[in-house]
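> Residue strings, one per chain:
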Amino acid sequence: METSGFNQRHLLGIDHLSASEIDLILDTADSFVEVSTRNIKKVPALKGRTVVNLFFENSTRTRSSFEIAAKRLSADLINFNSSVSSLKKGESLKDTVLTLEAMNPHIIVIRHSAAGAPRYLTTFARSCIVNAGDGFHEHPTQALLDALTIRQRFGKLRGLKIAVVGDILHSRVARSNLILHQKMGNPVNLVGPPSLVPLEFERMGARVFYDLKAGVKDVDIVMMLRVQEERGAGNYFPSIREYRRLFEINAEVFATAAPDAIIMHPGPLNRDVEIETSLADSDRSVILQQVNNGIAVRMAVLYLLKGESNEAAH
Amino acid sequence: MKLLIKNGRLVDPHSRVDDTVDIQIDGSVIQNIQPRLEPEKGCRVIDAAGLVVCPGFVDMHVHLREPGNENKETIQSGVEAAVHGGFTSVACMPNTKPVNDNRSVTEYIIARARKCGLANVFPVAAISMGLEGKNITEMADLAAGGAVGFSDDGRCVMSADLIRKALEYCRMLDLPIIEHPEDHSISGEGLVNEGLISYKYGMRGILNAAEEVIVARDIILQDRIRSRLHLTHISTSRAVELIRDAKSNGIPVTADATPHHLLLNEEKITTYDTVYKVKPPLRTEADRLGLVEGVRDGTIDCIASDHAPHTRDEKDKEFEYAPFGAIGLESTVSVIYDRLVRTRIISLNRMVELMSTNPARILNLKDRGQVTRGKPADLTVLDLNRRFSIHEAAFRSKANNCPFLKWEGMGKVAFTIVGGKVVYASGD
Amino acid sequence: MEEKTKAKIMDSRKMERAFARMSMEILERNRDAGSLALIGIQTKGVFVARRIRAQIQALEKVELPLGILDITLFRDDLHLQEHHPKVEKTEIDFSVENRHIVLIDDVVFTGRTIRAAMDSIFELGRPASIQLAVFIDRGHRELPICPDFKGKYLPTARRERVNVMLKEVDGSDQVLIMEPTRF
Numbered sequence: 001m002e003t004s005g006f007n008q009r010h011l012l013g014i015d016h017l018s019a020s021e022i023d024l025i026l027d028t029a030d031s032f033v034e035v036s037t038r039n040i041k042k043v044p045a046l047k048g049r050t051v052v053n054l055f056f057e058n059s060t061r062t063r064s065s066f067e068i069a070a071k072r073l074s075a076d077l078i079n080f081n082s083s084v085s086s087l088k089k090g091e092s093l094k095d096t097v098l099t100l101e102a103m104n105p106h107i108i109v110i111r112h113s114a115a116g117a118p119r120y121l122t123t124f125a126r127s128c129i130v131n132a133g134d135g136f137h138e139h140p141t142q143a144l145l146d147a148l149t150i151r152q153r154f155g156k157l158r159g160l161k162i163a164v165v166g167d168i169l170h171s172r173v174a175r176s177n178l179i180l181h182q183k184m185g186n187p188v189n190l191v192g193p194p195s196l197v198p199l200e201f202e203r204m205g206a207r208v209f210y211d212l213k214a215g216v217k218d219v220d221i222v223m224m225l226r227v228q229e230e231r232g233a234g235n236y237f238p239s240i241r242e243y244r245r246l247f248e249i250n251a252e253v254f255a256t257a258a259p260d261a262i263i264m265h266p267g268p269l270n271r272d273v274e275i276e277t278s279l280a281d282s283d284r285s286v287i288l289q290q291v292n293n294g295i296a297v298r299m300a301v302l303y304l305l306k307g308e309s310n311e312a313a314h
Numbered sequence: 001m002k003l004l005i006k007n008g009r010l011v012d013p014h015s016r017v018d019d020t021v022d023i024q025i026d027g028s029v030i031q032n033i034q035p036r037l038e039p040e041k042g043c044r045v046i047d048a049a050g051l052v053v054c055p056g057f058v059d060m061h062v063h064l065r066e067p068g069n070e071n072k073e074t075i076q077s078g079v080e081a082a083v084h085g086g087f088t089s090v091a092c093m094p095n096t097k098p099v100n101d102n103r104s105v106t107e108y109i110i111a112r113a114r115k116c117g118l119a120n121v122f123p124v125a126a127i128s129m130g131l132e133g134k135n136i137t138e139m140a141d142l143a144a145g146g147a148v149g150f151s152d153d154g155r156c157v158m159s160a161d162l163i164r165k166a167l168e169y170c171r172m173l174d175l176p177i178i179e180h181p182e183d184h185s186i187s188g189e190g191l192v193n194e195g196l197i198s199y200k201y202g203m204r205g206i207l208n209a210a211e212e213v214i215v216a217r218d219i220i221l222q223d224r225i226r227s228r229l230h231l232t233h234i235s236t237s238r239a240v241e242l243i244r245d246a247k248s249n250g251i252p253v254t255a256d257a258t259p260h261h262l263l264l265n266e267e268k269i270t271t272y273d274t275v276y277k278v279k280p281p282l283r284t285e286a287d288r289l290g291l292v293e294g295v296r297d298g299t300i301d302c303i304a305s306d307h308a309p310h311t312r313d314e315k316d317k318e319f320e321y322a323p324f325g326a327i328g329l330e331s332t333v334s335v336i337y338d339r340l341v342r343t344r345i346i347s348l349n350r351m352v353e354l355m356s357t358n359p360a361r362i363l364n365l366k367d368r369g370q371v372t373r374g375k376p377a378d379l380t381v382l383d384l385n386r387r388f389s390i391h392e393a394a395f396r397s398k399a400n401n402c403p404f405l406k407w408e409g410m411g412k413v414a415f416t417i418v419g420g421k422v423v424y425a426s427g428d
Numbered sequence: 001m002e003e004k005t006k007a008k009i010m011d012s013r014k015m016e017r018a019f020a021r022m023s024m025e026i027l028e029r030n031r032d033a034g035s036l037a038l039i040g041i042q043t044k045g046v047f048v049a050r051r052i053r054a055q056i057q058a059l060e061k062v063e064l065p066l067g068i069l070d071i072t073l074f075r076d077d078l079h080l081q082e083h084h085p086k087v088e089k090t091e092i093d094f095s096v097e098n099r100h101i102v103l104i105d106d107v108v109f110t111g112r113t114i115r116a117a118m119d120s121i122f123e124l125g126r127p128a129s130i131q132l133a134v135f136i137d138r139g140h141r142e143l144p145i146c147p148d149f150k151g152k153y154l155p156t157a158r159r160e161r162v163n164v165m166l167k168e169v170d171g172s173d174q175v176l177i178m179e180p181t182r183f
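Protein chains in written order, with our numbering: chain A, 1 to 314; chain B, 1 to 428; chain C, 1 to 183.
Each statement offered as a hint is correct.
With a cut-off of at most 27 Å between alpha-carbon atoms, the simulated BS3-like pairs for lysine-lysine come out as follows:
| # | chain 1 | residue 1 | chain 2 | residue 2 |
| --- | --- | --- | --- | --- |
| 1 | B | Lys315 | B | Lys97 |
| 2 | A | Lys41 | C | Lys44 |
| 3 | A | Lys161 | B | Lys200 |
| 4 | C | Lys89 | A | Lys156 |
| 5 | B | Lys200 | A | Lys94 |
| 6 | B | Lys421 | B | Lys2 |
| 7 | A | Lys41 | C | Lys86 |
| 8 | A | Lys183 | B | Lys268 |
| 9 | C | Lys86 | A | Lys47 |
| 10 | C | Lys86 | A | Lys42 |
| 11 | A | Lys183 | C | Lys86 |
| 12 | B | Lys406 | A | Lys94 |
| 13 | A | Lys306 | C | Lys89 |
| 14 | B | Lys317 | A | Lys306 |
| 15 | C | Lys89 | A | Lys47 |
| 16 | B | Lys268 | A | Lys94 |
| 17 | C | Lys89 | A | Lys41 |
| 18 | A | Lys94 | B | Lys317 |
| 19 | C | Lys86 | A | Lys71 |
Since the hints were made in silico from the structure, they are not lab data.
From just these sequences and the hints, can you work out the full model?
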């Protein structure tokens, strides 16, 4: 029997994965894409195992995606939602997790507004920890599903040029993608206003652009980030109106990218703010494919994490 | 009660002594210092051969948390920690509950500390009522009650007008204004040093500029006012440069740095370990080296621990929600000796200056920071040939949020003597 | 675990004959080759299935649909594994609904793989029947599973391993019994 060669107990970030581990997750996800085309989209791989979805930020999309992934693997699932504010007043994160662990879950999927919260869990929890987004830090499964989508479209994940456009400073999606593509050796352009794209990112190997056209020129993948209205309030830019004028991707700007370039967006979309609606719906957009791949990638992650072997075996 | 300390190497920058001498203590004061003294009848003798005798160390920046936050630390546990760490005197910050902004709180702290009978406790009172940055406290009354300086530590005095008035007003008291230099409009909700690491690890940053603009502002104000200004826990190399320039231009300003800013850099936070969450944040290696240079060349006058105890539960949290602060009373002497003196970055004499002579001078503690006939017998005796290892079980502090846990090296406190009384002896 | 060859049981001629006989039997049992499909179990079963399909094509001039099945996700011992095994591809691009399926593997041993394969197939639809073809039946069944077609029955010790080598993967056709050098 060939074991998977995946030696991670937790998925805390892309930063902790090697390029070959990323390839393995995507290969495994390919198999789960096939499962998702079946009439009965369910396999018994995680039968008898419990997955806890521990979400401290509202995210119907990511939570449902993990939920479907767990269910398609026949795992039992507990959804635990809490707003961080109520947590701050009452029970600590540690107590919450220790209480949940009394139910012997195998995997805890956590979304939290504080960077490093998943890593903090690993200091005391027994379960495998999956980071479903921590503050501005990382969102590894998003970068992996993006990578799967790219691989399906281009048949490869290496030798491609990527531009990530928008609020890089506050985007965990941008960080995870930047790290992933650097591991693959792909050049990454970061595009946005200087207040949201610190030049220090160039020391991480990216190139920083303040001009959208220059930033997306000849790239294979244009990844748009959601712009948050409240950043305007924080004076990162004066108004959505001005932001749109400078950084909205439209057909004309997109035409300067490589001839078969694709456009991606982690959702939810701000139509006609960061992305022209007709472009979002065009055949160059892979946004819906990204959503679909989210399930397969999360199935792969849940399947591959190195759990403690069942005591019954000994 | 008489005590004779024999054969020790006395290092006292105040009287420019570095020699093997015997020290005779009578009651609470130093009676005699001679190359050779014979013990009188009934006199206790400490053989300090091979040990270094220093004027009692003074930590001019600690948080004892009492009154109000006795779950973190009490005056009792704080002074136990102090003498265990070799400090004979500490100056405690006013951010208690209630705030030390009136004489009754100052007197309460002094009375409590006296009852403990271990280290001397010198309260630093608030600059502004309730630390709110609006109205200055009754500084003269506080000074009469025993306050040795004024600070809104934890918060910076954001109003340039208020800091100007405070500096001017306290000039008549000859006590320092101790500024926590942080422009809150720049630091905001920041958690760590702003730069590549804060960007990569997704945490809000605190720019160096948050500290530097206040250092610059205060120096410019002080240039005209010529009061006593002390800038505490300096963390950036640019701030060191600003202070160096100010001093070379004759502007009266003093500064301290903490052991953690001198010995650790921002890379520690990449595991999100909250023990490294401090304010100001751990900075870059370049900043750290600039700070060490400042300590070496005299720009930085003292090393102060900014001993900031928190409970285990408070620190056992998401990085973002844990409070800022680290304890240092029981690690500072060993780690500074081992990492700065043994490595020959500074001399032993300079270390004593930084930890005793200068803080006593800055706080205007006229009897402290020296080993002189007729002065209080506050002594810190070091054994430089003994290994130390910092571990929680040995702490007298209630807290364990020490960034130097598990550190090992050479140099331990052998005896701490306060007012002629041996209040700590290693091996106890 | 290190192992050494204990015995060579079949050479390429014997294997050739066994493949021909199995193919013939499958055709005899299933008069209507039109509703028949083969499914090979990853990884060796796929190559065995391709051999059988080629034989049937030569005999009957029909090209049977051939699916590839990975049973990893249906294994009954996944919860015992610290490292989950690598998942290989499943490619069944025909409907199993109402089809006669011949499930093919190189060796049948405890029968657990076959149980997993059947569960997996039922998730894809309801076949008219499932028959089992294995090249070697080495005994030691732990489940009520019996092959319909087999190349050879080969009694073995539990600690031994049967290695069906095929020239397209292993460079030569032969069947070996392997035994551990230390145990």
